[in-house]
Amino acid sequence: MKKSNNAKPITENDSRQAQFRLLLAVPLSALAVGLGYAVLSLPSQAPGLSDHVAAKLEISGVSNPVTAVLLNFRGYDTLLELGVLLLALLGVWSLGAAPKRREPSPGLVLELLSRLLVPLLILVAGYLLWVGGHAPGGAFQAGSVLATAGVLLLLAGWRLDTRFSGLPLRLALVAGLGVFLLVAVVLMLAGGHLLEYPPSFAGALILLIEAAATFSIGTALAALFLGGRPEKGSHR
Amino acid sequence: METVTLLQPVFDTLLGLALLWLAWRALASPDLFKAIVLFITFGLLMVLAWVRLDAPDVALAEAAIGTGLTGALLLAALTRLNSKSDAKSVHEKEQQRKAHN
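Protein chains in written order, with the working numbering: chain X, 1 to 236; chain R, 1 to 101.
No lab work stands behind these hints: they were computed from the structure.
Using N, Cα and C, we set each Cβ at its ideal position, and we do this for glycine too.
It cannot be assumed that every hint is accurate.
To be verified - A few chain R positions that, by computed beta-carbon distances, are all more than 10 Å from chain X:
#1 Gln8
#2 Pro9
#3 Thr13
#4 Ala18
#5 Leu45
#6 Arg52
#7 Ile65
What the hints assert, rightly or not - Some, not all, of what chain R presents toward chain X, calculated at C-beta under 7 Å:
#8 Pro56
#9 Ala61
#10 Gly68
Make the full structure from the sequences, and use the hints.
Right under this line is the structure:
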């Protein structure tokens, strides 16, 4: 932390900050009382929706209730979540280009470990994606493990070739949302409601959406780590 | 088995208290690097809390996104913040020298 050489404005700021903190205490205590009231007034036995989910699990195409809710019964929420992730990346990219910093040699340990770990992480991501159908796992978990592989590569000094940092990268980023929307629209045109999968191939559709989403989430999170728009055409 | 069931409430209480303490330390720490490390530690304990709440899906997401990637993102942001403020202070010093001359 660096302090300014001029001491006077700091004391003024301090007193203003103290006043602000005192003012802040009023809404915060109101919030605390409201939250406490909400928690205390919760019914002790909430019925919940787990019975409904269990009753309809057979037609959802998967046997893991969490995946059934996320990708089938409430698929709309997951669709919007993918959009939010894309918006976050858009925000970061709009702030400027990625910092051009040639990292010094990453060192023997990081280089060797990243070579060893990246294939393993990709394998784990694939496993999490596949296992999501019947056990804890799924697109977001698999995508973030994939992104961890990307972050490790970025830390080891690897950068995306400029040939791929334009359209191919953007296509990879929107693939998840695109496939999701495509499935939704095709199902709507086929006569159903938005994201109403026919039970006979719901499992295959969910796996397709999750695979595309995993790829996109992994790419988006790794691109977030880069901290800016990868510049096209410039040598990095 | 008996002792395990007896120890569970103790473990849960300790976990809850540790979470609250870590959250407070992370918020109150003036050193940003320390705050980030505390936040990552908080996330790791939060994973245990999700497992205790029988929510392995959320625990997986918390471990991968909430702790791993967010921690890496925060550290990267801190590095950029420091390098930027360093560059700025050098720039300001040059300006001051020019004004002085």
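Outcome of the hint check:
Taking the minimum C-beta to C-beta distance to chain X, about 20 Å, the non-interface status of Gln8 (chain R) holds against the 10 Å cut. Every beta carbon of chain X lies more than 10 Å from that of Pro9 (chain R), the smallest distance being close to 18 Å; the non-interface claim holds. Distance check for Thr13 (chain R) against chain X: the nearest CB is about 17 Å away, which clears 10 Å, and the non-interface claim stands. Interface exclusion of Ala18 (chain R) from chain X stands, the closest Cβ pair being 21 Å apart, more than 10 Å.
For Leu45 (chain R), the shortest C-beta to C-beta distance to chain X comes to about 19 Å, beyond the 10 Å cut-off, and the non-interface label holds. Its beta-carbon lying about 15 Å from the closest one in chain X, Arg52 (chain R) satisfies the requirement of being farther than 10 Å from that chain. With a least CB separation of 5 Å from chain X, Ile65 (chain R) falls inside the 10 Å interface cut-off, contrary to its annotation. Taking 7 Å as the C-beta cut-off, the interface hint given for Pro56 (chain R) holds, the closest approach to chain X being about 4 Å.
At a threshold of 7 Å, the smallest CB-CB gap from Ala61 (chain R) to chain X is about 6 Å, leaving the interface hint in force. The interface hint given for Gly68 (chain R) holds, since its Cβ lies 6 Å from the closest Cβ of chain X, which is under the 7 Å cut-off.
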